[in-house]
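K.L.:
Residues per chain, in single letters:
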Amino acid sequence: MMQADPKPTQPPQTPYRYDGVLKVTGKAKYAAEFSEPFPKGDLLYAYMLQATVPAGTIAAMDTKAATRASGVVAVLTPFNAPKLPVGKPQPPGKRSLTVLQDNNVSYNGQPIGVVIAKSLPEAIHAARMIKVTYNETPAKLDFMGRLGEGHAPKNPGKDPASQSRADADAAFASAAVTVDNTYVTPIQNHNPMEPHGTIAWWNGEKLNVYDATQYITGDKMTLARILNVALDNVHVQDPYVGGGFGSKGSTWSHVILAAMAAKIVQKPVKLVLEREQMFGPVGYRPTTVNHIKLAAGSDGKLTLVQQDVTMSASVLEEFVEHSELPARKLYASKQIITTTKLVDCNYGVATFMRAPGEAPGTAVFEIAMDELAERLKMDPVQLRLLNYAERDPSEDKPWTSKHLRECYAQAAGRFGWSKRNATPGQMVEGNKLIGYGFGTATYPANRSAAMAKVSYLPSGRVFVGSGTQDLGTGMYTVMAQTAAANLGLDPMQMDVKLGDSTLPKAPVSGGSQSTASVGPAVDTACIQLRLKVAGVALSDKQSPVYGAKDTDVDVMHGRVFLKSNQTKGESVTSLIARNGNVPIEAEGSAEPGEDKSSMTSQSFGAVFAEVAVDKDTHMVEVRRVVATYDIGTLVNDKTGINQLEGGITWGVSFALHEEAHIDLRYGRTVNESLAEYHVPVNADIGTIDVTVLNIPDTKFNPLGARGIGEIGITGAAAAVANAIYNATGKRVRHYPITPDKIMMA
Amino acid sequence: MNPFAYSRVDAPDAAIHALLQNAKFLGGGTNLVDLMKYGVERPSTLVDINHIGLDKVQADANGATIGALVRNSDLANDPGIVANYPLLSHALLSGASAQLRNRATTGGNLMQRTRCYYFMDTAFPACNKRKPGSGCAALKGFNRIHAILGQSDEGSTSPHTCIATNPSDMNVALYALDAKVEVHGPKGKRTIPVRDFHRLPGDHPEQDTLLRPDELILSVTLPAAKFAKNSWYLKARDRQSYAFALVSVAAGLEMDGDRIKTAGLALGGVAHKPWRSAEAEHALEGKPATEETFEKAADAALAGAKGYEHNAFKVELAKQCVVRALMQASKGVQAS
Numbered sequence: 001m002m003q004a005d006p007k008p009t010q011p012p013q014t015p016y017r018y019d020g021v022l023k024v025t026g027k028a029k030y031a032a033e034f035s036e037p038f039p040k041g042d043l044l045y046a047y048m049l050q051a052t053v054p055a056g057t058i059a060a061m062d063t064k065a066a067t068r069a070s071g072v073v074a075v076l077t078p079f080n081a082p083k084l085p086v087g088k089p090q091p092p093g094k095r096s097l098t099v100l101q102d103n104n105v106s107y108n109g110q111p112i113g114v115v116i117a118k119s120l121p122e123a124i125h126a127a128r129m130i131k132v133t134y135n136e137t138p139a140k141l142d143f144m145g146r147l148g149e150g151h152a153p154k155n156p157g158k159d160p161a162s163q164s165r166a167d168a169d170a171a172f173a174s175a176a177v178t179v180d181n182t183y184v185t186p187i188q189n190h191n192p193m194e195p196h197g198t199i200a201w202w203n204g205e206k207l208n209v210y211d212a213t214q215y216i217t218g219d220k221m222t223l224a225r226i227l228n229v230a231l232d233n234v235h236v237q238d239p240y241v242g243g244g245f246g247s248k249g250s251t252w253s254h255v256i257l258a259a260m261a262a263k264i265v266q267k268p269v270k271l272v273l274e275r276e277q278m279f280g281p282v283g284y285r286p287t288t289v290n291h292i293k294l295a296a297g298s299d300g301k302l303t304l305v306q307q308d309v310t311m312s313a314s315v316l317e318e319f320v321e322h323s324e325l326p327a328r329k330l331y332a333s334k335q336i337i338t339t340t341k342l343v344d345c346n347y348g349v350a351t352f353m354r355a356p357g358e359a360p361g362t363a364v365f366e367i368a369m370d371e372l373a374e375r376l377k378m379d380p381v382q383l384r385l386l387n388y389a390e391r392d393p394s395e396d397k398p399w400t401s402k403h404l405r406e407c408y409a410q411a412a413g414r415f416g417w418s419k420r421n422a423t424p425g426q427m428v429e430g431n432k433l434i435g436y437g438f439g440t441a442t443y444p445a446n447r448s449a450a451m452a453k454v455s456y457l458p459s460g461r462v463f464v465g466s467g468t469q470d471l472g473t474g475m476y477t478v479m480a481q482t483a484a485a486n487l488g489l490d491p492m493q494m495d496v497k498l499g500d501s502t503l504p505k506a507p508v509s510g511g512s513q514s515t516a517s518v519g520p521a522v523d524t525a526c527i528q529l530r531l532k533v534a535g536v537a538l539s540d541k542q543s544p545v546y547g548a549k550d551t552d553v554d555v556m557h558g559r560v561f562l563k564s565n566q567t568k569g570e571s572v573t574s575l576i577a578r579n580g581n582v583p584i585e586a587e588g589s590a591e592p593g594e595d596k597s598s599m600t601s602q603s604f605g606a607v608f609a610e611v612a613v614d615k616d617t618h619m620v621e622v623r624r625v626v627a628t629y630d631i632g633t634l635v636n637d638k639t640g641i642n643q644l645e646g647g648i649t650w651g652v653s654f655a656l657h658e659e660a661h662i663d664l665r666y667g668r669t670v671n672e673s674l675a676e677y678h679v680p681v682n683a684d685i686g687t688i689d690v691t692v693l694n695i696p697d698t699k700f701n702p703l704g705a706r707g708i709g710e711i712g713i714t715g716a717a718a719a720v721a722n723a724i725y726n727a728t729g730k731r732v733r734h735y736p737i738t739p740d741k742i743m744m745a
Numbered sequence: 001m002n003p004f005a006y007s008r009v010d011a012p013d014a015a016i017h018a019l020l021q022n023a024k025f026l027g028g029g030t031n032l033v034d035l036m037k038y039g040v041e042r043p044s045t046l047v048d049i050n051h052i053g054l055d056k057v058q059a060d061a062n063g064a065t066i067g068a069l070v071r072n073s074d075l076a077n078d079p080g081i082v083a084n085y086p087l088l089s090h091a092l093l094s095g096a097s098a099q100l101r102n103r104a105t106t107g108g109n110l111m112q113r114t115r116c117y118y119f120m121d122t123a124f125p126a127c128n129k130r131k132p133g134s135g136c137a138a139l140k141g142f143n144r145i146h147a148i149l150g151q152s153d154e155g156s157t158s159p160h161t162c163i164a165t166n167p168s169d170m171n172v173a174l175y176a177l178d179a180k181v182e183v184h185g186p187k188g189k190r191t192i193p194v195r196d197f198h199r200l201p202g203d204h205p206e207q208d209t210l211l212r213p214d215e216l217i218l219s220v221t222l223p224a225a226k227f228a229k230n231s232w233y234l235k236a237r238d239r240q241s242y243a244f245a246l247v248s249v250a251a252g253l254e255m256d257g258d259r260i261k262t263a264g265l266a267l268g269g270v271a272h273k274p275w276r277s278a279e280a281e282h283a284l285e286g287k288p289a290t291e292e293t294f295e296k297a298a299d300a301a302l303a304g305a306k307g308y309e310h311n312a313f314k315v316e317l318a319k320q321c322v323v324r325a326l327m328q329a330s331k332g333v334q335a336s
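Residue numbers (our numbering), protein chains in the order written: chain A, 1 to 745; chain B, 1 to 336.
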């Protein structure tokens, strides 16, 4: 039985992003832009040295010339760096970071030192004088050539405990229609606009950092643990972040190096990575090879879904890209079998990248479904509806809320899907082949414990603070809106503060969970604040509500008043003025409820794409993408839709452009710049038309909002890939789908 | 970046005199400064020539003279160029981004260096162009963007091997248009046909051009416009804008009714210099403008092409693009 969901309720909207004016006027300061509170002239500049071989040990580093070079203050190498305690694995990546603690080299590009100088050009110049000699050992670099060496992850995590291959083989052998193909996704680098950067300085035993991070609390814990500093003595600030996409979720070597360097030179030190230094030392999405087998009856009902994934992994540390997850969540099937295997390579450590698992997973699985639909001579949307998962198929649990059918219907209608010609290559406009394609989007709804602090200020404005981060996602705006909704005020009357580790703790800005986690904490804090304000009024003899019962009084719209007679009350500012003229403060926290284990909360969407493929150049234009998502309450129209549009742009990028090419002899990424590592430019993105159902999922959280940071990328790549097939009749199963692959297919 | 001296000059003569050992001229700096940051170029001195004049375009149907300091944007949008040499305008506009074109100069574009990954990253030990005699890491490396014509291929360790490509779009059009380059050095002025200006790697992959280290480019001249009514610049690339060509084709046709009187044809992205094929032009001249004619020209242009592990596709892609560009050119000029 489907339960009727409550009507959509959105908090008050803002005319523009809360921090929009600061950003467009250049006043929003990013981590590496600070030149205070230390004396500006004290700031020193660091440049990170990197290994130029993929495996072995460093025999020697000749730093004599560099040490004597102009402006150089210090050179740190594995041979002179201070010894650090071996830390426990740190969240969110359960990462054990060691920097300059031994002379081992595990990948080309690994940080092996740092030069600190009075200016950045001097630091770079000196770094080039350093002669490094290596004892090289054979490196494991050819991932595709070593697929047979795949091993199970140490932590099998999400693979089901028992799966019967025999049953699967039988289902496949007896099925009316099958698909059996291998699909490949490449290594991708996050490339946020703002490079990673850290400014570190010490006041005695106290370490301060400005750091471009998605997780100030994690940064604080990692720095404390690795540098052996008391947790309370680490202060991390990060008011604005220029994108992270997962690459700033963990604390990487450069952060530790900056703090180590600052301690040694006893001055503030700034270390900003060059763009080419962001290909290896700060994570990437690993490459995945996905063997997918689908079996269905002639009626189209799935009898087997099987996805065996082999991915690259770093010899240093395991990271599993759960590309198999969509196969486990999207459709009902008699059997669902998935496995993951890792092939150790002398690559840097992989990490979360926007929609880890679901991005490559939907990109490959939704091509396989398109192939199945074609073999069944069935409309691809019809195939999905036929196998619609009424419950979470992987865990046989109910959904807290799922309205994917409405997404299919709404998006298909707006796109004009009914005009699609199922036979490829039939729609032609001059030299262009036109194609329509479709893919289902999905991403889990995550939520973690979070805390917030709010206070009514004597001015009537309200301070709203939480130790979360705004990656350009809209967190400032969402916090302002959430508090304003609770207090009946204008969001622009809120003084929002985040990105400071002295504020109450909030989770990593990853997994699309910030709004769902911090929003409820702000909400709870505001409820507490209203009780506190009411409490002050009830005990103030001069207040019009003095002596009333606390249940009879409310605080809204800047006033405290009797619920039964709202004219009997006063402004909160006059109450505060009479009571010491000091802010009235409250804190609140929120965490996931019990439903988390008994039900599954997951977002879904339907993505349709139209492409035009040139017959001779084989270049692909994505003319339009139409998508509808079921993401619970849309908290902010602008930042929310913008996130989804940005996600779709990433999907186009996944489909057509992005790939880091690693040289198989040297282990270096060859296209380590934004000129050669392609992401879409404006000319690559046609019309993007996004709608959301805006149906609150109140079983997930009180706001009814599931996260929207990542779902946009899912499904979109497959929609483009399937549209290319519809246009050309060429099925490319190896992303990105570049002109040469279309020509050769 | 390495320390360097900077000097600014205000006239071409002063520029030539200022050019000391291991100095470089600074024009737009869009390529040179990047390579200095990467440690690939290490000039001792930069001689800033942005204030020496040479920034005018004079173009009509009888010919064009383009100052070496004319910015790519100004050249692409010059009314005389747009009207008489649309092929050059379109080639320029298909290159780089608006910001880069606003800065980049005509002379600098002629001197643009390869985008070969192994040239641009000093951490790779072998590159005959960057470090003469060190070998070629691209030959057995990731060579998707590399040459299929005119390359030096004597094995990875040979000091001659180089499969780099010239990345310019402008140069491809200049080859089809049979431009000339006016240069000035201590021994006076000389004129170099653009088709000879750039070198194939031969035995000296480190040398991109015939320009001597002490010479300054003054201007580029174009002969009378033959292809104003029938020309096309086609660029196949990995995204719609701001990407170097996988393959590009500059095609100009002088038509006599349905027949081709003369033709100019050059390819980009396939060789160490834009690849002009006289054989392909001969295959077109005097022939009817049909697909069959164009296919013969494409075969002639790609004769002897050799691909490597990742770029073998370029042979077929180039043929398809040649046919398409010629077909389009036979029908007119691309819209501005």
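Hints are computed from structural coordinates only; laboratory data are not their basis.
Treat the hints with care, as some may be off.
Derived pair list, reagent style DSS-like, types lysine-lysine, alpha-carbon separation capped at 27 Å [as the list claims (entries may be wrong)]:
(1) A:Lys-741 / B:Lys-287
(2) B:Lys-331 / A:Lys-432
(3) A:Lys-741 / B:Lys-140
(4) B:Lys-319 / A:Lys-615
(5) A:Lys-615 / B:Lys-331
(6) B:Lys-37 / A:Lys-64
(7) A:Lys-730 / B:Lys-306
(8) B:Lys-287 / A:Lys-615
(9) A:Lys-432 / B:Lys-37
(10) B:Lys-319 / A:Lys-29
(11) B:Lys-296 / A:Lys-40
(12) A:Lys-730 / B:Lys-319
(13) A:Lys-615 / B:Lys-37
(14) A:Lys-432 / B:Lys-131
(15) A:Lys-140 / B:Lys-140
(16) B:Lys-140 / A:Lys-432
(17) A:Lys-741 / B:Lys-319
(18) B:Lys-131 / A:Lys-131
(19) A:Lys-131 / B:Lys-37
(20) B:Lys-37 / A:Lys-741
(21) A:Lys-64 / B:Lys-287
(22) A:Lys-118 / B:Lys-131
(23) A:Lys-615 / B:Lys-229
Facing chain A, from chain B, some residues (calculated, C-beta under 10 Å) [said to hold, decoys possible]:
(24) Pro-3
(25) Ser-97
(26) Met-120
(27) Pro-125
(28) Ala-236
(29) Phe-244
(30) Gln-328
(31) Gly-332
(32) Val-333
Being a predicted model, the structure only gives us computed values, none of them experimental.
The C-beta atom is built at its ideal place from N, Cα and C for all residues, glycine as well.
K.L.:
Hint by hint, say whether it matches the structure.
P.N.:
Hint check:
Proposed proximity of Lys-741 (chain A) and Lys-287 (chain B) is contradicted: the alpha carbons are some 34 Å apart, above 27 Å. Taking the CA atoms of Lys-331 (chain B) and Lys-432 (chain A), the gap is near 17 Å; set against the 27 Å cutoff, the hint holds. About 20 Å separates the Cα atoms of Lys-741 (chain A) and Lys-140 (chain B), which keeps this hinted pair within 27 Å; it holds. Between Lys-319 (chain B) and Lys-615 (chain A), the direct Cα distance comes to roughly 13 Å. Compliance with the 27 Å bound is thereby established for this hinted pair.
Between Lys-615 (chain A) and Lys-331 (chain B) the alpha-carbon distance is near 18 Å, which keeps this suggested pair within the 27 Å criterion. Proposed proximity of Lys-37 (chain B) and Lys-64 (chain A) is supported: the alpha carbons are some 23 Å apart, at most 27 Å. Restraint check: the Cα-Cα separation between Lys-730 (chain A) and Lys-306 (chain B) comes to about 26 Å, which is no more than 27 Å; the hinted pair holds. With a CA separation close to 25 Å, the supplied pair Lys-287 (chain B) and Lys-615 (chain A) stays within the 27 Å bound.
For the given pair, Lys-432 (chain A) sits about 41 Å from Lys-37 (chain B) by alpha-carbon distance, which is inconsistent with the 27 Å threshold. Distance check on the hinted pair: Lys-319 (chain B) and Lys-29 (chain A) sit about 52 Å apart at the alpha-carbon level, beyond 27 Å; violated. For the given pair, Lys-296 (chain B) sits about 68 Å from Lys-40 (chain A) by alpha-carbon distance, which is inconsistent with the 27 Å threshold. Restraint check for Lys-730 (chain A) and Lys-319 (chain B): the C-alpha separation of about 20 Å stays at or below 27 Å, so the hint holds.
About 40 Å separates the Cα atoms of Lys-615 (chain A) and Lys-37 (chain B), which puts this hinted pair outside 27 Å; it is violated. Pair hint Lys-432 (chain A) plus Lys-131 (chain B) does not hold up; C-alpha atoms about 45 Å apart against a cutoff of 27 Å. Only pairs whose Cα atoms come within 27 Å are accepted, and Lys-140 (chain A) paired with Lys-140 (chain B) is accepted, the gap being roughly 17 Å. Restraint check for Lys-140 (chain B) and Lys-432 (chain A): not satisfied, since their Cα atoms lie roughly 35 Å apart, outside the 27 Å limit.
Taken as a hint, the Lys-741 (chain A) and Lys-319 (chain B) pair is honoured in the structure, with Cα atoms around 16 Å apart against an allowance of 27 Å. For the given pair, Lys-131 (chain B) sits about 17 Å from Lys-131 (chain A) by alpha-carbon distance, which is consistent with the 27 Å threshold. Distance hint between Lys-131 (chain A) and Lys-37 (chain B) is fulfilled; the C-alpha atoms sit about 19 Å from each other, no more than 27 Å. At roughly 34 Å between alpha-carbon atoms, Lys-37 (chain B) and Lys-741 (chain A) are farther apart than 27 Å, so this suggested pair is violated.
The straight-line distance between the Cα atoms of Lys-64 (chain A) and Lys-287 (chain B) is roughly 70 Å, outside the 27 Å bound, and the hint therefore fails. Distance check on the hinted pair: Lys-118 (chain A) and Lys-131 (chain B) sit about 31 Å apart at the alpha-carbon level, beyond 27 Å; violated. For the proposed pair Lys-615 (chain A) and Lys-229 (chain B), the alpha carbon gap of about 24 Å is at most 27 Å, so the pair holds. Interface restraint check for Pro-3 (chain B): the shortest CB-CB distance to chain A comes to about 6 Å, inside 10 Å, so the restraint holds.
Taking 10 Å as the C-beta contact cut-off toward chain A, the hint placing Ser-97 (chain B) at the interface holds, the least distance being around 8 Å. At its closest, the beta carbon of Met-120 (chain B) sits 8 Å from a beta carbon of chain A; the interface hint therefore holds under the 10 Å criterion. Proximity of Pro-125 (chain B) to chain A holds as hinted, the smallest CB-CB distance being about 8 Å (cut-off 10 Å). With a cut of 10 Å, the hint placing Ala-236 (chain B) at the interface with chain A holds, because the nearest CB-to-CB distance is about 4 Å.
Hint status for Phe-244 (chain B): holds, given a least beta-carbon distance of 8 Å to chain A, under 10 Å. For Gln-328 (chain B), the interface hint holds, since its Cβ comes within 10 Å of a Cβ in chain A; the closest pair sits about 9 Å apart. Checking Gly-332 (chain B) against chain A: minimum C-beta separation of about 14 Å lies over 10 Å; hint violated. Contact between Val-333 (chain B) and chain A, as hinted, is not supported at the beta carbon level, the nearest pair being about 16 Å apart and thus beyond 10 Å.
In terms of the numbered hints stated before, the structure departs from hints 1, 9, 10, 11, 13, 14, 16, 20, 21, 22, 31 and 32, listed from lowest to highest.
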